[in-house]
Structure formats: C-alpha cells, structure tokens
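Top to bottom, those sequences are chains A and B. Residue numbers for the first sequence follow the working numbering, beginning at 1 and rising by one. Residue numbers for the second sequence follow the working numbering, beginning at 1 and rising by one.
Hints in this document: simulated from the structure, not taken from any laboratory. Do not take every clue at face value.
Just so you have them, the derived chain B footprint on chain A, three or more residues with Cβ under 8 Å [what the hints assert, rightly or not]:
hint: 1; region: 36–48
hint: 2; region: 163–169
hint: 3; region: 177–184
hint: 4; region: 198–208
hint: 5; region: 248–256
Okay, the calculated beta carbon distance ranges per label pair [stated by the list, open to error]:
hint: 6; chain 1: B; residue 1: 246; chain 2: A; residue 2: 55; range: 29 to 39 Å
hint: 7; chain 1: B; residue 1: 135; chain 2: A; residue 2: 64; range: 33 to 43 Å
hint: 8; chain 1: B; residue 1: 27; chain 2: A; residue 2: 181; range: 42 to 52 Å
hint: 9; chain 1: A; residue 1: 92; chain 2: B; residue 2: 55; range: 47 to 57 Å
hint: 10; chain 1: A; residue 1: 178; chain 2: B; residue 2: 3; range: 16 to 26 Å
hint: 11; chain 1: B; residue 1: 210; chain 2: A; residue 2: 88; range: 26 to 36 Å
hint: 12; chain 1: A; residue 1: 181; chain 2: B; residue 2: 51; range: 20 to 30 Å
Every residue, glycine too, gets a C-beta built ideally from N, C-alpha and C.
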Amino acid sequence: MGIKVENLSYSYSGNRKGKPALENVSLEIAKGEFVVISGAAGAGKSTLIKHFNGILHPENGRVTVDGLETRTREVRRKVGMLFQHSQNQLFEETVYRELAFGPSNFGIRGEELDKRVHEALSLVHLDAGILDRSPFSLSGGEKRRVALAGILALRPTYLVLDEPTAGLDPESRAKLLGRLQNIHQKRVGIVVVSHNLEEVLPFAQKVISMDEGRIVFTGSPDEYLRAGYSPVPPLARLMKELNKKGADLREDIFTAEEALKELQKLRQEKPERDREKSEKGAAETEAQDNA
Amino acid sequence: MIRIEDLSYNFPDGTRGLKKINLGIERGEFLGIVGRNGSGKSTLVRHLNGLLKPTEGKVSINGMDTADPSKLLEIRQTVSMVFQNPYTQFVGTTLEEDVAFGPENLALPPEEIRERVDRALEVVGLENYRNHSPKTLSGGQSQCAAIASALAMKSECIVFDEISSMLDSRSREQVREILRKLRGKARTIVYVTHRLEEVLHADRVLVMDRGEIVREGSPKTVFKAPELGEFGLELPPIVELLNSLEAGGFALDWALLASIENLAEEIWESRWKI
C-alpha cells in the first residue's frame, strides 16, 4: 500500500528533444508518512507530484496509490493536492459551496455533506461565520485556508502540498505548519514540496531530494543533513562544527531549545590553567581594592 | 541622505497605511526593516523614490522633496528598487539589454553603458547569461538580474523589498553574498524582509507594526526584545540560542554569527561556561 512510483519517466511534449523532466524515478511513500521532497527549481519536484493523483500520466513506468492505477477516479479523492498559489484555486460563490464541491462530486449529500464541510473548516481553524461569504472577499491567508479545507473535505488519505509556505510571514507559516502537524496526527500521509527545508524538516520522517529529474537521495532528515545536499541550517551546522572538534552531538537540530540541551552535554569543569588565571586575577583585584 | 518627517499615508480606500513616521537614513548605512505582512514596510519604502506620495508629512532624498514632480526623475536615479517578483520588471529580450535599459535612458555614452552592464552582471555572477532571455532564468537568477539592473544605474541607494521570500535557500545565500559586496561600496541599502536572519548584520534595524515603527536599534538590541513575537516575528533559532546562553551567564560576541566556524570554536574553547 502507499504511493508507489516505479521507473517513472516523463517529458513535457513541447520538449521532446530536450532533457526529460523525470528520468527513471522510483519511490515509495507509506500510509501516514510525512515526506519532504526537496530540490532546486526545475529539478522535477512539481512534475513528480502531479503524477500522484493522475494530473499527469507516466510516459514510462507506473504509479499506483494504495494499489490503484492513478487513472481511477478514487485516486483523485485519496490524494488531495494543494498548489503553490492555492488562493487562485477558488471559484465557487460561497465558502460553503467551495468546501462542498469536492465531496458532492463523489456523491455525498445532505447531513453527511454538511458534516464534512464543518469538519474541514475546523481543521483549518476558521469559524462557521465565513461559510456564507464569497471566497473572493477573503484575505489572501483566508483564501489559502479555504483552499486547504476544500481538499480536506474529501478526507484524503494523502495530502500533497507544493511550496505551501512560500510568501507567508513567520506567524502564518508557524500556524500552517501546526495545522499540518494536526492533520498528520489524524493519520493523513503528508507530502510537502519545499525549498525552505529548515521549516519542514523538523516534521519530516523521510526526505527525498531531486536533481535534474532524478532522485539523488532518500533517507531520514538527519541523514539528509549529514549528506550535505543543501545548505544546512545554522544550528545544525554549529553542531556539525562542534562534532568536528570532538563533540558527539545530534546534528538534526532545529530549535534553540534542542540546541541548548545538546550543548549542555559539552559542559565540563573549568580547565585548570584558566582557573589559576582567574583566581590570580581575583587575588590581584582584591590586592588593588585593599590598596 | 534620506529624511522622513511626520509621514502618514492613507490608501485610496481610506485605510491607514502609515502613521507619523520619522526617520533619517545615513549615506552608506545598511538599514533593515522587518515586520509581518501588512505592517507597512513596503508602503514605507515605496515612499523612498516617490512611487507613493505622503498623505501628510514630507519625504526628502538628498534634499529633494518626493512630492515635487520636477525632482522625480533625479530621485529615481538616486534610489533604485528591487521588488519581490522580478519577472514583472523585465523589459529586454536578452539579459544584457535588460540591464542596459536604465543606463540607456540616462543617455550615457555607449562605452560607459557597456562598462556598467559588464560590471553589474559580474557582481551578481550572471556574466555567462548575458545573451539569455530573462524569461529563461530561474527564480534566483531573475532576482540577481533585477539587482544587476539596479547596480547598473549606480544609484546611491538601493531598496530591496522582500526579495528573498520566493527564493530557495541556496539563492538566498547568493543574494546575501551580493549584499556583502555592495556594503563595501558605500551604497546605502534599505532591506525589507520578514526573515530576521537576513538583517543580523545590518547597521540598524526597524521593526514595523500597524503602520508604525515600534522598535529601532542595533540588531543585537532589537533581537533581544522579548515582545518580537507580538509583532508577528520570529527570532532565528541561532540568535535565540545565543540569547539563552547569555541568560545562563555565557555571553558570546554577536559578531561571531557571521561565521559558524568561529562561533563553534568559541563555544568549544569555553564550553565550561555553558
């Protein structure tokens, strides 16, 4: 089960002679896993994820979701996809209809539909007051949340997000990441495409790194940082530097609190010579004071 | 060089954008302006070259009032802007043409234009892309190209408005490197961002919230303020670590943040203080 990609290759038809966008890509994403896909612009990340719910179909190779071919309709429900400028994904007259759109396409009606709408709304922390408003009257941040809720209303098994934090300020970013964590705790598999790794790595169980249409790395966040595929965030780099000097610290460190805890392992007695020096210093000051 | 007195600005729909801003910017200063989305940072810097005119108060650039239409051209030659989305700023069919566009409008001699374009592309590391179409550049490269266009104008002051928010970490690093080079050239830099780590080495930092300047000072003093969270900002974890080490009696020199290697060295040598 899970999302399974086997020997996938793909090139955009206008670019047949050029380099393929994806070349012989194989990967597996388990149910409930939190995966980050990283890589520079143009590495093939967005092309890859568009294969997860059948927006694109493999030229060569095979993609299945929980054993289903991605041409099946059920896959569109199972794999919810939030694009980078998700605020532009909205089109209905009211927020309610926006959220009901997905589930009603899958034959959900009446009370059950109403329940789905409210459930999705609460997952993105919006109140019911917003349901009668036009999506176009909302702020950018609210629109993004409504777009996310619209996807959650389908109760997806996997949620795929393309650069979800791009352009958000720290406050909105922290809130969004908190929401993703909550959704993940409900056993929804999460796949995030991001180039702001320091933000998403702390939540990730697995990192897949792409370059020029190929997968160049798959492993844990810690392994990823050690492998040096991307500029390492400052705290992790500090730990790495200290390890070079003989410390034995974790390198997958993202918060000041974690870092302080690690650094405390280094605490040791004041070296003898320093102690002498400072005692001598103290004695001199004392002598001066007496004089 | 820049003087802002009692500047207030209301948007056309009447909402208040800026409230009684007073600010002077020195020649050669690197000023960081931080604040959450909607705090007024961009509105403020759009006054620096007359893109917006004060509703009340006065903005002057080298003594020229931005409200005086006859000075506008000279003001725009003095202050260049680089925006978040450079794609919308491209005019040339090749990168070279694009960078030359501004200097050509200054009616400079061709040799001078050539020289400026070469120099600017070199500073941002795009000399090998001079004949590429600006549309084929990646996000990071486009941002560098926009910086090159500003450099070729040889303006005294360059304003960077949230240029890093769409960049990946590698391109951000590259832009930071360019900024370091610019600082050596005594240009005045105004750098707007919501990432505090990008203004760690500024001469001065302003925090804006709800259209007002709410904190001002050296990065070191501003980043100690416990209330930054209320303004929707987040301290870089590495700064937070330094602050907590200091609170525990282990003060480290702020300048060490410029090099993680040196910081590690210092911590390792004095690890008994942790």
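Results of checking the hints against the structure:
no.	hint	result
1	36–48	holds (count 3)
2	163–169	holds (count 4)
3	177–184	violated (count 0)
4	198–208	violated (count 1)
5	248–256	holds (count 3)
6	246(B) with 55(A): 29 to 39 Å	51 Å, violated
7	135(B) with 64(A): 33 to 43 Å	37 Å, holds
8	27(B) with 181(A): 42 to 52 Å	47 Å, holds
9	92(A) with 55(B): 47 to 57 Å	38 Å, violated
10	178(A) with 3(B): 16 to 26 Å	43 Å, violated
11	210(B) with 88(A): 26 to 36 Å	28 Å, holds
12	181(A) with 51(B): 20 to 30 Å	40 Å, violated
Of the hints listed earlier, those the structure fails to meet are numbers 3, 4, 6, 9, 10 and 12, in rising order.
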